[in-house]
Amino acid sequence: MGKYILKRVAMAVLTIYLVSTITFFLMNLVPGGPFLAEKAVSPQAQAAMEEKYGLDKPLSVQYKNYMLGLVKGDLGLSVKQRGRTVAQIIATKFPVSARLGGLSILTAVCVGIPLGSIAAFNRGKWADNVVIFIATCGIAVPSFVICTLLLMLFGLKLGWLPTVGLNSVLHYIMPVTALAFYPTAYIARLMRSSMLDVLGQDYMRTARAKGLGQFKCIFKHALRNAVLPVVTYLGPLLAYTLTGSFVVEKIFTIPGLGSEFVGSITGRDYPLIMGTTIFLAVLIVSMNVIVDIAYKLIDPRIKLK
Amino acid sequence: MGNLLDIKDERLSFFTPAGEVKALGGVSFSMKEGDVLGIVGESGSGKSVTSYSVMGLTAHPGRLIGGSIEFNGHRIDQMSEKEMRRIRGNEVSIIFQDPMTSLNPVYTIGNQICEVIRLHTKKSKAEARARATELLTLVGINEPEKRLKQYPHELSGGMRQRVMIAIALACEPKLLIADEPTTALDVTIQAQILELMIELREKLGMSIIMITHDLGIVSSMCEKIAVMYAGKIVEYGTVDEIFYETSHEYTKGLLRSIPKLTSETHEKLVPIEGTPVDMLNPPKGCPFAPRCGACMKICLREMPPYTDLSDTHYSACWLIQKREFEKAAGGEKQ
Amino acid sequence: MSEQNKKFPTFQLNVDDFLPADEAEKESLVTMRASVGFWKDGFQRLLKNRVAIVSFVVILIVMIFSFIVPSFYPYSYEHQIRGAENLAPMQYSDGELEQIAAGESVFPHILGTDHLGRDFAVRVMMGSRISLLVGLIASGLILLIGSIYGSVAGFFGGWVDIIMMRIVDIIYTVPDILIIILLAVTLKYPLQNLAEQPGFGWIAAVGVNLTSIFIVFALLYWVGMARIVRSQILQLKEQEYVTAARALGASSGRIIRKHLLTNCIGTLIVTTTLQIPSAIFTESFLSFLGIGVAVPMPSLGSLANDALNGLQSYPYRLLAPALLISIIILSFNLLGDGLRDAFDPKMKE
Numbered sequence: 001m002g003k004y005i006l007k008r009v010a011m012a013v014l015t016i017y018l019v020s021t022i023t024f025f026l027m028n029l030v031p032g033g034p035f036l037a038e039k040a041v042s043p044q045a046q047a048a049m050e051e052k053y054g055l056d057k058p059l060s061v062q063y064k065n066y067m068l069g070l071v072k073g074d075l076g077l078s079v080k081q082r083g084r085t086v087a088q089i090i091a092t093k094f095p096v097s098a099r100l101g102g103l104s105i106l107t108a109v110c111v112g113i114p115l116g117s118i119a120a121f122n123r124g125k126w127a128d129n130v131v132i133f134i135a136t137c138g139i140a141v142p143s144f145v146i147c148t149l150l151l152m153l154f155g156l157k158l159g160w161l162p163t164v165g166l167n168s169v170l171h172y173i174m175p176v177t178a179l180a181f182y183p184t185a186y187i188a189r190l191m192r193s194s195m196l197d198v199l200g201q202d203y204m205r206t207a208r209a210k211g212l213g214q215f216k217c218i219f220k221h222a223l224r225n226a227v228l229p230v231v232t233y234l235g236p237l238l239a240y241t242l243t244g245s246f247v248v249e250k251i252f253t254i255p256g257l258g259s260e261f262v263g264s265i266t267g268r269d270y271p272l273i274m275g276t277t278i279f280l281a282v283l284i285v286s287m288n289v290i291v292d293i294a295y296k297l298i299d300p301r302i303k304l305k
Numbered sequence: 001m002g003n004l005l006d007i008k009d010e011r012l013s014f015f016t017p018a019g020e021v022k023a024l025g026g027v028s029f030s031m032k033e034g035d036v037l038g039i040v041g042e043s044g045s046g047k048s049v050t051s052y053s054v055m056g057l058t059a060h061p062g063r064l065i066g067g068s069i070e071f072n073g074h075r076i077d078q079m080s081e082k083e084m085r086r087i088r089g090n091e092v093s094i095i096f097q098d099p100m101t102s103l104n105p106v107y108t109i110g111n112q113i114c115e116v117i118r119l120h121t122k123k124s125k126a127e128a129r130a131r132a133t134e135l136l137t138l139v140g141i142n143e144p145e146k147r148l149k150q151y152p153h154e155l156s157g158g159m160r161q162r163v164m165i166a167i168a169l170a171c172e173p174k175l176l177i178a179d180e181p182t183t184a185l186d187v188t189i190q191a192q193i194l195e196l197m198i199e200l201r202e203k204l205g206m207s208i209i210m211i212t213h214d215l216g217i218v219s220s221m222c223e224k225i226a227v228m229y230a231g232k233i234v235e236y237g238t239v240d241e242i243f244y245e246t247s248h249e250y251t252k253g254l255l256r257s258i259p260k261l262t263s264e265t266h267e268k269l270v271p272i273e274g275t276p277v278d279m280l281n282p283p284k285g286c287p288f289a290p291r292c293g294a295c296m297k298i299c300l301r302e303m304p305p306y307t308d309l310s311d312t313h314y315s316a317c318w319l320i321q322k323r324e325f326e327k328a329a330g331g332e333k334q
Numbered sequence: 001m002s003e004q005n006k007k008f009p010t011f012q013l014n015v016d017d018f019l020p021a022d023e024a025e026k027e028s029l030v031t032m033r034a035s036v037g038f039w040k041d042g043f044q045r046l047l048k049n050r051v052a053i054v055s056f057v058v059i060l061i062v063m064i065f066s067f068i069v070p071s072f073y074p075y076s077y078e079h080q081i082r083g084a085e086n087l088a089p090m091q092y093s094d095g096e097l098e099q100i101a102a103g104e105s106v107f108p109h110i111l112g113t114d115h116l117g118r119d120f121a122v123r124v125m126m127g128s129r130i131s132l133l134v135g136l137i138a139s140g141l142i143l144l145i146g147s148i149y150g151s152v153a154g155f156f157g158g159w160v161d162i163i164m165m166r167i168v169d170i171i172y173t174v175p176d177i178l179i180i181i182l183l184a185v186t187l188k189y190p191l192q193n194l195a196e197q198p199g200f201g202w203i204a205a206v207g208v209n210l211t212s213i214f215i216v217f218a219l220l221y222w223v224g225m226a227r228i229v230r231s232q233i234l235q236l237k238e239q240e241y242v243t244a245a246r247a248l249g250a251s252s253g254r255i256i257r258k259h260l261l262t263n264c265i266g267t268l269i270v271t272t273t274l275q276i277p278s279a280i281f282t283e284s285f286l287s288f289l290g291i292g293v294a295v296p297m298p299s300l301g302s303l304a305n306d307a308l309n310g311l312q313s314y315p316y317r318l319l320a321p322a323l324l325i326s327i328i329i330l331s332f333n334l335l336g337d338g339l340r341d342a343f344d345p346k347m348k349e
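Residue numbers (this note's numbering), protein chains in the order written: chain X, 1 to 305; chain D, 1 to 334; chain L, 1 to 349.
Just so you know, these hints were derived from the structure itself, not from any lab. This one's a predicted model, so the numbers in the text were calculated from it and none came from an experiment. Heads up, a few of these hints could be off.
What the hints assert, rightly or not - When the alpha-carbon atoms are kept at most 25 Å apart in a straight line, the in silico BS3-like pairs for lysine-lysine are as follows: (1) L:Lys188 to X:Lys80; (2) D:Lys149 to D:Lys122; (3) D:Lys146 to X:Lys296; (4) X:Lys296 to D:Lys174; (5) X:Lys220 to D:Lys122; (6) D:Lys149 to X:Lys220; (7) D:Lys224 to D:Lys32; (8) D:Lys224 to X:Lys216; (9) D:Lys8 to X:Lys220; (10) L:Lys48 to X:Lys125; (11) D:Lys8 to D:Lys174; (12) D:Lys146 to D:Lys123.
Claimed, not checked - Coverage of chain D stretches by chain X, computed from C-beta distances (three or more under 8 Å per stretch; other residues unrestricted): (13) 93-102; (14) 115-122.
Heads up, the beta-carbon is just placed ideally off N, CA and C, and yes, glycines get one too.
Pulled out of the complex, with its shape left as it was, chain X reads as follows (with noise of 0.2 Å):
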């Protein structure tokens, strides 16, 4: 177990390290490099930048110190937002986005898995199929078609909810319900066929010759064996949550990072797309190892390994 950690977190800081060389040299394609982009500056003031930001160095030692920086948690200043560093946006902006993506992830959960269940219980009947229609429809619609079409719907045309901001508990509706559809529906999805799988395993006839009750053998013997692969997309659920937050905070203009990113691409405020891309690869590449890991702690089958 401990050479299993070991190795998944060394495996997740390669990754990471991948990632963040990947982004500064990507970055140093942007003519001028990414701190000084499309400025029409004075000389002096263009060199004053230059040495303010170590551009004038050569690249491997900006490489460098770049690296050290993020080491430290320094992801530079922001070039848009004067005065700000990157981290501070970050600081302020990430916990409206983690609040949406938190709640999101539970609804999906919360009702993708007994929407999953009910279906694999009536396989073949009435139940199932319309499981099998919402699954099959929520997987097929992206994100900014199911937000736009709930903003026009219960924003303009009932006025039934708020359309902008994240005020009141009214607020959080429909940005939730549109983050949550498709995960909800993979979940779902997920669900089901593993409930039919355990469903049809030996162990469960072995619950059923015990004279165990249907209720006994679903919620004891079934539902856990079955959520286990829930489990494991609990990883790419939070990568999908936090892009999918782009195009929602974007559409409801909420003030959390998926907005402030979309900005910094529109508004080519480089070193804010650096950081946060970083920022949220950490974020997911971690999510991912702990995921794995606590997979193994919930299934005792692997644990020795």
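Chain X is fixed; fit chains D and L onto it per the hints.
Leaving out everything else, chains D and L in the frame of chain X:
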């Protein structure tokens, strides 16, 4: 004394999308308390289906479509699911073929044994635990206290089958169904498990239905044997009758296909040619006819009737009828 | 028991009945189900799957509208009709009304026009052309790279396999969308420079952003395909006919091509089909964020993005591309599921 188990003309079909699969086409047999019956046949012959139906465990598209099953004076086929649950694991219990997959991987052995004890008795947690320890000792597992805390994957196959037996015996059932309990195990372990079962049967005196495709196992354990083929019992009798007065061609085939260590001459093992019948379109006549070496014209047309050979021995084969017919014809000539 | 067994057959028996039956008679009794070839069997199953067939037809119709219809459609996607800005569906501009009054026939703007006076219907068609192209080309690239990489790793095995799959593992853990955005943001500068070089004019034709999307797919998305192909090859490698081919002196490359790839072609078709909607998904996501295809080229994602500003007044401008992209993705998903059920039952989730 009444019968413990009485199955009369049981018919059971699986309704699959491809059509009705007649898994059982009129199976009848009965058992007295303490009887040990072996059901022999190849895969798909209906031996497992028969025994599962005794526990009301018929898998999903399967449905009983005729006949009756009476256990200990109760009509099992007419019981509600709730009544059935009181019997399962309590009065009738079962040991499955594959111990590797029959235990739930995410719960400890102790948890899974105590579960069945607490379900059918009013024992407290501690009492159930004590009983579980006792059961593990009974089935020959040493360090029972330690094993109770382990997960199935930490035990070997033979050990897991012992645990399955412990679960089955937890409530001292009247009838134990063993569905090929040794097929998935190594040969040496097989012998140990069989020995254990014989020992337990002597100690506890319950009836056993032993399902297997291995005639060697039944000969060492059982008193009576039912040979099944394509959803029907083709021959039924005591061990001696089946082995030494074999009357059905299929049984003969089975006997020819087991190696005999005792034989001095180098007897050749003869496999049964061909493949089992397609149960979706069962043939009109005797289901074994296409693979039978002594197949006659009538075999292809008509199902042979059962003929009694002794009080305990009967068989369904046209060859017996042929003998009777010839005897009758010979008698006429004389 | 014994009483009921005493009964004799209800019909009269003849001596003939007890004559041995010959082989032919025995054969006739066994109704063997005809064995069908892999492809024929698969197609039969596919044709029975109504959902998959309907999806296929929908995809065909969408393809006709996006690849054929725009070439003879009376309006072009970039042509701005002056005075015809922001028309509602089926509405004519003043100028066009005059033309009609003068007896000329004017093709209606079925979905109206956008804020620059471009016919919206043809823009939606062009948008779905871009989305489909991205899906098809990207999947083709993924298929090519993934299957070559996977089959090389699987076939050679040993340390080659270990190193190659470790690389796959690392790429797999890289958060793809982030890297895609990063590439889309930064690649356009070097690509713009490259496009000016002789021989690279096609980059300008395809569009710098579109090219960077393809590069991203080619760089990151093939790993799933590589894993699937590798595991298939590993399975097939164990089978006798490969050993037989080797013993007969066939070269490695020939074995891969002839035996192994033909045998996992079912899996390849299914995986590729299911890759198309995910590529379309990603492209529309990027376009919606404004880093996909470049103006004036429309894509379904960028059309939806444009519509966001006038959502209150022109909701249909959002509905048309939004519905279309959902239908395209849904159809490909369902077709892929159908293909999987038909040709690759093992792969069922």
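Structure-based check of all given hints:
For the hint pairing Lys188 of chain L with Lys80 of chain X, the CA-to-CA distance comes to about 21 Å; that is within 25 Å, so the pair holds. Taken as a hint, the Lys149 of chain D and Lys122 of chain D pair is honoured in the structure, with Cα atoms around 22 Å apart against an allowance of 25 Å. In summary, the hint linking Lys146 of chain D to Lys296 of chain X is supported, as the alpha carbons are separated by about 22 Å, within the 25 Å threshold. Proximity of Lys296 of chain X to Lys174 of chain D is assessed by CA-CA distance (about 41 Å); at most 25 Å being required, the pair is judged violated.
Proximity of Lys220 of chain X to Lys122 of chain D is assessed by CA-CA distance (about 20 Å); at most 25 Å being required, the pair is judged to hold. Our distance criterion of 25 Å between C-alpha atoms is met by Lys149 of chain D and Lys220 of chain X, whose separation comes to about 18 Å. Restraint check: the Cα-Cα separation between Lys224 of chain D and Lys32 of chain D comes to about 11 Å, which is no more than 25 Å; the hinted pair holds. With a CA separation close to 38 Å, the supplied pair Lys224 of chain D and Lys216 of chain X exceeds the 25 Å bound.
Proposed proximity of Lys8 of chain D and Lys220 of chain X is contradicted: the alpha carbons are some 36 Å apart, above 25 Å. Under the criterion of a C-alpha separation no larger than 25 Å, the hint pairing Lys48 of chain L with Lys125 of chain X is consistent with the structure, at around 20 Å. Distance check on the hinted pair: Lys8 of chain D and Lys174 of chain D sit about 20 Å apart at the alpha-carbon level, within 25 Å; holds. A C-alpha spacing of about 21 Å is found between Lys146 of chain D and Lys123 of chain D, which places the hinted pair at or below 25 Å, so the restraint holds.
A stretch counts as covered by a chain when three or more of its residues have a beta carbon under 8 Å from one of that chain; for the segment 93-102 of chain D and chain X the count is 6, and the coverage holds. Counting residues of the segment 115-122 of chain D whose CB lies closer than 8 Å to any CB of chain X gives 4, which reaches the minimum of 3, so the coverage claim holds.
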